[in-house]
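Based on the sequences and whatever the hints tell you, model everything.
What follows is each chain in one-letter form.
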Amino acid sequence: MAIKTGRIAALRAKRKRNSIITDTFQLIILGGGLIWLLIRGAAEMHYVWQWHRIPQYLYKVIDGELIFGPLIDGLLVTLEISVYSIVLGLLIGLVTAFLRLSDSYSGKLLATVYLELVRNTPLLIQLFVFYFVLGPIFEIDRFWVAVLCISFFEGSFAAEIIRGGILSVPRGQTEAGASLGLSRAAIYRYVTLPQALPIILPPLAGILVNLIKHSAIVSVIAVFDLTTSGLDIISETFMAFEIWITVAAIYLLITISLSVVISRFERYMKRSTLAG
Amino acid sequence: MEQMISLKNVFKYFGEFRALNDVSLEVAGGERVVVCGPSGSGKSTMIRCINRLEEHDDGEIWVNKNELTEDTRNIAQIRKDIGMVFQQFNLFPHLSVVDNLTLAHMKARGLYKADSTDLAMTYLNRVHIPEQAMKYPAQLSGGQQQRVAIARSLCMQPKIMLFDEPTSALDPEMIKEVLDVMIELAEEGMTMIVVTHEMGFAKKAADKVVFMDEGEVVESAPTEQFFSQPESDRTKLFLSQILTH
Numbered sequence: 001m002a003i004k005t006g007r008i009a010a011l012r013a014k015r016k017r018n019s020i021i022t023d024t025f026q027l028i029i030l031g032g033g034l035i036w037l038l039i040r041g042a043a044e045m046h047y048v049w050q051w052h053r054i055p056q057y058l059y060k061v062i063d064g065e066l067i068f069g070p071l072i073d074g075l076l077v078t079l080e081i082s083v084y085s086i087v088l089g090l091l092i093g094l095v096t097a098f099l100r101l102s103d104s105y106s107g108k109l110l111a112t113v114y115l116e117l118v119r120n121t122p123l124l125i126q127l128f129v130f131y132f133v134l135g136p137i138f139e140i141d142r143f144w145v146a147v148l149c150i151s152f153f154e155g156s157f158a159a160e161i162i163r164g165g166i167l168s169v170p171r172g173q174t175e176a177g178a179s180l181g182l183s184r185a186a187i188y189r190y191v192t193l194p195q196a197l198p199i200i201l202p203p204l205a206g207i208l209v210n211l212i213k214h215s216a217i218v219s220v221i222a223v224f225d226l227t228t229s230g231l232d233i234i235s236e237t238f239m240a241f242e243i244w245i246t247v248a249a250i251y252l253l254i255t256i257s258l259s260v261v262i263s264r265f266e267r268y269m270k271r272s273t274l275a276g
Numbered sequence: 001m002e003q004m005i006s007l008k009n010v011f012k013y014f015g016e017f018r019a020l021n022d023v024s025l026e027v028a029g030g031e032r033v034v035v036c037g038p039s040g041s042g043k044s045t046m047i048r049c050i051n052r053l054e055e056h057d058d059g060e061i062w063v064n065k066n067e068l069t070e071d072t073r074n075i076a077q078i079r080k081d082i083g084m085v086f087q088q089f090n091l092f093p094h095l096s097v098v099d100n101l102t103l104a105h106m107k108a109r110g111l112y113k114a115d116s117t118d119l120a121m122t123y124l125n126r127v128h129i130p131e132q133a134m135k136y137p138a139q140l141s142g143g144q145q146q147r148v149a150i151a152r153s154l155c156m157q158p159k160i161m162l163f164d165e166p167t168s169a170l171d172p173e174m175i176k177e178v179l180d181v182m183i184e185l186a187e188e189g190m191t192m193i194v195v196t197h198e199m200g201f202a203k204k205a206a207d208k209v210v211f212m213d214e215g216e217v218v219e220s221a222p223t224e225q226f227f228s229q230p231e232s233d234r235t236k237l238f239l240s241q242i243l244t245h
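If you read the protein sequences in the order shown, they are chains V and A. Numbering-wise, our numbering puts 172 at position 172 of the first sequence, and it's gapless, one number per residue. Numbering-wise, our numbering puts 222 at position 222 of the second sequence, and it's gapless, one number per residue.
Hints listed in this document are in silico derivations from the structure and should not be mistaken for laboratory results. It is possible that part of the hints are untrue.
Examples of chain A residues toward chain V, derived with CB under 8 Å [said to hold, decoys possible]:
| no. | residue |
| --- | --- |
| 1 | Ala76 |
| 2 | Arg79 |
| 3 | Met84 |
| 4 | Phe86 |
| 5 | Phe92 |
| 6 | Pro93 |
| 7 | His94 |
| 8 | Lys107 |
List time: in silico BS3-like cross-link candidates among lysine-lysine, alpha-carbon distance up to 30 Å [said to hold, decoys possible]:
| no. | chain 1 | residue 1 | chain 2 | residue 2 |
| --- | --- | --- | --- | --- |
| 9 | A | Lys135 | V | Lys270 |
| 10 | V | Lys270 | A | Lys113 |
| 11 | A | Lys65 | A | Lys159 |
| 12 | A | Lys176 | A | Lys159 |
Here are a few chain A residues that face chain V, going by a calculated C-beta distance under 10 Å [as the list claims (entries may be wrong)]:
| no. | residue |
| --- | --- |
| 13 | His105 |
| 14 | Pro130 |
| 15 | Phe227 |
We treat Cβ as the ideally placed atom computed from N, Cα and C, and that holds for glycine.
Here it is in structure tokens:
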């Protein structure tokens with residue numbers, strides 16, 4: 001028995017080693033190919049690389065004091081927009097999902113009209129509507145216009161994911177809750193949502209990552225986020241390649257960290273629901 | 001004995017389909033009623049109407065002197081009096097056995113966790129599985145799950161228990177352990193309405209057997225009489241089919 005277990009462990013380790021080697025190999029080929037393409041493209045254009053000029057747009061040290069450059073300032077605005085939009089978007093999604101699942105005719109109608117309108121028109125046009133029409137009427141400044149617009153956009157997708165998750169919980173669960181005398185709200189809170197959450201979470205993570213990327217669109221209404229800062233620097237320096245690559249890398253860094261955090265949380269949830 | 005449940009000329013439609021057709025039924029306090037009949041005959045629909053999991057379209061339903069109406073306070077009061085056990089158990093899979101029992105206590109009645117846990121353990125003892133308290137439903141056998149479901153309903157101290165085909169989803173060797181618990185419950189004087197095909201249980205524990213077909217109550221008689229001298233031909237046919245094997 002012990003020998004057998006040992007052999008299986010050795011086999012597993014070997015397989016793991018093999019997969020690490022092939023993975024690394026694939027990554028080198030893929031990454032190398034991409035870099036080669038980029039360098040070829042730049043060379044064709046007789047592009048002069050000036051990477052040494054990039055760090056000053058990230059940070060400067062003046063008199064021993066660290067000062068953020070425009071890219072980091074932009075990143076902070078992007079993060080700020082993202083955090084507000086995530087909270088607001090999830091809230092909108094949750095409310096919309098409940099409205100669609102409710103018995104109220106007008107509630108259902110409202111939710112459906114909102115969903116169809118937002119999901120079937122371009123985000124750019126929605127942003128213009130918010131900025132030029134709703135902004136002046138309600139005297140909202142451009143930062144909050146950006147937050148609201150993105151929240152409503154991503155909230156519509158979140159709503160459908162949440163609704164799907166809730167519907168995937170068998171009807172018998174709600175009936176059992178009702179027959180025990182739990183109120184509707186209590187059934188949602190203690191019975192339905194805890195079971196829907198593990199189903200909702202993975203696709204919702206995708207929405208959050210999208211939200212961060214989509215926030216780049218606020219550059220068209222001159223909110224100084226990461227993308228706007230990048231555009232600005234490019235128009236001054238013509239270092240399009242370096243700046244765009246840097247900006248993309250920063251977005252990548254945030255979205256990948258977010259994905260890691262969410263997958264950790266998912267694993268934690270799975271462990272706590274299937275405990276024992 | 002006074003009436004606990006009373007259905008008067010109840011109708012229920014699913015679209016065009018008439019699921020309940022002029023159903024009347026009287027159940028006295030402490031009475032055990034078995035409802036049988038072919039599938040699609042409206043047995044489940046009838047007991048689901050009694051605790052408002054389905055809304056009846058016409059007629060009156062009275063439970064413990066409260067009429068079942070649109071009024072949510074009435075519905076809450078009636079659900080307080082009734083416990084229900086489902087064919088598919090419907091335990092909450094994300095909660096441990098003991099938490100399944102205490103949830104409704106704490107969230108619907110505002111009991112403290114310690115009191116609630118004591119009560120839960122009392123009822124787990126009654127269904128003979130106190131040692132499973134910390135497990136999750138998926139770790140239990142079907143029979144154990146159904147006994148937990150019974151304990152969960154009993155925990156709310158209902159006056160009436162409804163059973164909707166409680167043994168139909170169980171493997172044959174687990175049916176007995178669930179029926180035994182139900183028989184014990186019957187012997188303690190609980191008012192029960194049981195939808196089941198287990199005629200052995202009916203003979204042993206029921207005061208009255210109701211036979212339904214196509215949404216109608218075809219025959220309703222004391223157990224003894226129901227099996228020995230059924231009146232309707234449809235009942236005779238059903239009994240001959242169900243009792244021959």
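Cross-check of the supplied hints:
1. Using the Cβ-Cβ criterion of 8 Å, the hint placing A/Ala76 at the interface with chain V is satisfied: the shortest such distance is roughly 7 Å.
2. Against a cut-off of 8 Å between C-beta atoms, the interface hint on A/Arg79 holds, since the closest Cβ of chain V lies about 5 Å away.
3. Among the interface hints, the one on A/Met84 holds; its C-beta lies about 4 Å from the nearest C-beta in chain V, closer than the 8 Å criterion.
4. Because the beta carbon of A/Phe86 sits about 6 Å from the nearest beta carbon in chain V, less than 8 Å, this interface hint is met.
5. A distance limit of 8 Å between C-beta atoms decides the matter here; for A/Phe92 the minimum to chain V is near 6 Å, and the interface restraint holds.
6. Because the smallest distance between the Cβ of A/Pro93 and any Cβ of chain V comes to about 7 Å, under 8 Å, the interface hint for this residue holds.
7. A distance limit of 8 Å between C-beta atoms decides the matter here; for A/His94 the minimum to chain V is near 5 Å, and the interface restraint holds.
8. A least Cβ separation of about 5 Å between A/Lys107 and chain V falls short of the 8 Å threshold, and the interface hint therefore holds.
9. Simply put, A/Lys135 and V/Lys270 have alpha-carbon atoms about 16 Å apart, close enough for the 30 Å limit, and the pair holds.
10. Pair hint V/Lys270 plus A/Lys113 holds up; C-alpha atoms about 25 Å apart against a cutoff of 30 Å.
11. Between A/Lys65 and A/Lys159, the direct Cα distance comes to roughly 12 Å. Compliance with the 30 Å bound is thereby established for this hinted pair.
12. Distance check on the hinted pair: A/Lys176 and A/Lys159 sit about 24 Å apart at the alpha-carbon level, within 30 Å; holds.
13. Among the interface hints, the one on A/His105 holds; its C-beta lies about 9 Å from the nearest C-beta in chain V, closer than the 10 Å criterion.
14. Given hint, A/Pro130 at the interface with chain V, is violated; its Cβ is 17 Å from that chain's nearest Cβ, farther than 10 Å.
15. Because the smallest distance between the Cβ of A/Phe227 and any Cβ of chain V comes to about 31 Å, over 10 Å, the interface hint for this residue is violated.
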